[in-house]
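Protein chains in written order, with my numbering: chain E, 1 to 337; chain Z, 1001 to 1435.
These stretches of chain E come out as covered by chain Z in the derived footprint (C-beta under 8 Å, 3 or more residues): (1) 112–125; (2) 129–140; (3) 157–165; (4) 216–224.
By construction, these hints were calculated from the structure, which means they are not laboratory data. Where a beta carbon is used, it is the ideal one built from N, C-alpha and C, also for glycine.
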Amino acid sequence: MTTASPAADSRPPSAGGPDPATPPTVWTRKHLLGLEDLSREEIYAVLDTAESFSEISKRSRKKVPALQGRVVFNLFFENSTRTRTSFSLAAKRLSADTQDFTASVSSLSKGETFIDTAKNIEAMGCDLMVVRHPTPGAPHLLSQHVGSAIINAGDGAHEHPTQALLDLMTIRRAKGRIEGLTVALLGDIGHSRVARSNIWGLLKLGAKVILCGPPTLVPKGMERLGCEVAYRLEDVLPRCDVINVLRIQFERQQGGLFPSVGEYSHFYMMTQERVRKAKPDLLILAPGPINRGVELTPEVADGKHSAILDQVTNGLAVRMAVLYLLTGKMAAAPSGD
Amino acid sequence: MPTIQITGGRIIDPSRDLDQVGDLWIADGKIAADGGGAKPDIVVDARNLIVAPGLIDCHVHLREPGQEEDETIATGAASALAGGVTSVACMPNTLPPIDTQATAEFVVLQGRRARQANVYPVGCVSKGRKGEELAGLGQLVAGGAVAFTDDGAPVSNAGLMRRALEYSKMFDLVIMQHCQVMELTVGGVMNEGFESMRLGLGGMPAAAEDIMVARDIRLAEITGGRLHIQHISTARAVELVREGKKRGIRVTAEACPHHFSLTDEKLRSFDSNYKMNPPLRTAEDVAAVIDGLKDGAIEVLCTDHAPHAREKKMRELDQAPFGIVGLETLLPITVTHLIEPGHLSWSQAIRYLTINPAKLLNLPKGTLAPGVDADVTIIDPTTSWTIDPAQFRSKSRNTPYAGWEVRGRAHTVIVDGEIRHTLGGIVRESDVQSA
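Based on the sequences and whatever the hints tell you, model everything.
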């Protein structure tokens, strides 16, 4: 018999962390809008819950009834394949009903606002909305206008909390810890929600964070967050335990932020040669989708240092954990708040 | 017209360096030296209140013609009265823009029909606000224009700006400029800096304002034209204006309440009521704007009243339009953020709200000198109240000040010798009607 509570399942051996016994009861939030808001304990609660759920994906029957009867809507106002699929599958494994709503902001701007859209969807019965939107703060705005729980699945260049959580889970599994590690975020920091969520998460868990990219892509002031800023990858490579390779969006080049994709790759692409200059146990992450031959060579993407596919697997567990924790909060207060 | 006696108020008239308790008389729609022995028709008991020249706001958007869903001249002018403002100069970024005599006259006519605050049009600098060719400035003057600006579309072409500053000298009217190098603010939603970096929002650097202020002051210098810097918001821009004045250049500057009472940290709420252009800046910039007001580098207070219908403003931050309403919060925010902290005296603040904007716009107003149009604002300087957008006379509600506990409020407002707004309780008909 399957139990609704992952805590009642046999917990897999934790991959480490200073306090793996932290019970998920530290979770009292209705929404997950960003990692900036979360405490260290809350982040560990998600990671530990995700560890419990990762076991489910290895079973032959990959489903638990935790969210039976719940309705999860994916509201995507921006293109996404893997994040949306990952959330859908995570919700289905928890036995929730899921529905996708995909629209471009431009088609909405003719009439209905995105708040109207969300209210319409809520009128159909919805417990939880997974929201991706090109504008920073859009999920925050929505959380003030609808009663459903909101998960931010990426808001402009602001935050992408589940991506950072899955990155943290992947690092902790590979390295056994996060505290004390040196993690470099490489590439387009300024336009990256993945970078911002990673910065908050890593700093809260005690890692050292290096931001590396051309000055046009690393906004001034980032060092004030407590990060080191470097423009030359060679200068920081030998110190890195982890490098998170961010995607370059080609429209940035058209915007004149760097002269050419070729020049970018010349300075920042992760190659075998650069990997050899780093620590022997260097871990390479990439949030994807990756541009092979631009941010990293195929050999590196598929090589022994790469954890790219582990990230995808862990992403599912992290999203199950977040859905579970947020609906657990609902059960405690069925009337909503 | 009724004869009005305003008794026992603290009369502050900076145009005559006057600050004393006394009576003010109004007869035939004009300020009178005294009652001339006649009994007044109406007596206003202004004890414990301030009696000031009617406030003048040189920078408002009344949206008519073209965007009447946001505001009309009638609702905007009523909002002005509720805020104690008896004259407004409205910006030409309407649909169509105010770039011809006919459109200017339409604004004047709608203002007269509304019979609320006095409404003066500001004409465009360029045809269609396109920044290409000069609008018919002389025709605009004939239609009632009191100044020129392309407002939200800064005159980017330095050659055109130079010609505008030169040509406008024949009318002795001011060119108002929203100073912003547009190439530096593409995609911008808020001030560029630590906060925009943290929120992932597009930034508008202070330098975009500073560079245009520097350029235009130099153009004012070589042309001898009159330049007015709209809604100044950066520390460096304030310094540039201060330097320009020292060098004898004809440059003036205005500041809005949001630029001396709020900083860009407010955007952490992602509330579009904190989205304005120029954007909210840093605490250092706010301090510099206040210093500029203290030493007179900035000599005009105004609102940049920018009404937007709820459905437009309640959007994602990058979709929502820039701007906030301001007419009904100008006075209390000035009281709580400039006067009460001791930055400005009442007399200085009223100077920046009356005679200075009157001089800027060449209006024979902003004074209580006998013989001028009787525009008078009676202010309760100490009353405490809570800003409630639902009570606004403006058609729009987009304010960042909702729920603020403030002090100071316009109590009774007289325009052209008529009591057009009052909170009541101090106005009474005289016992004996005059002949």
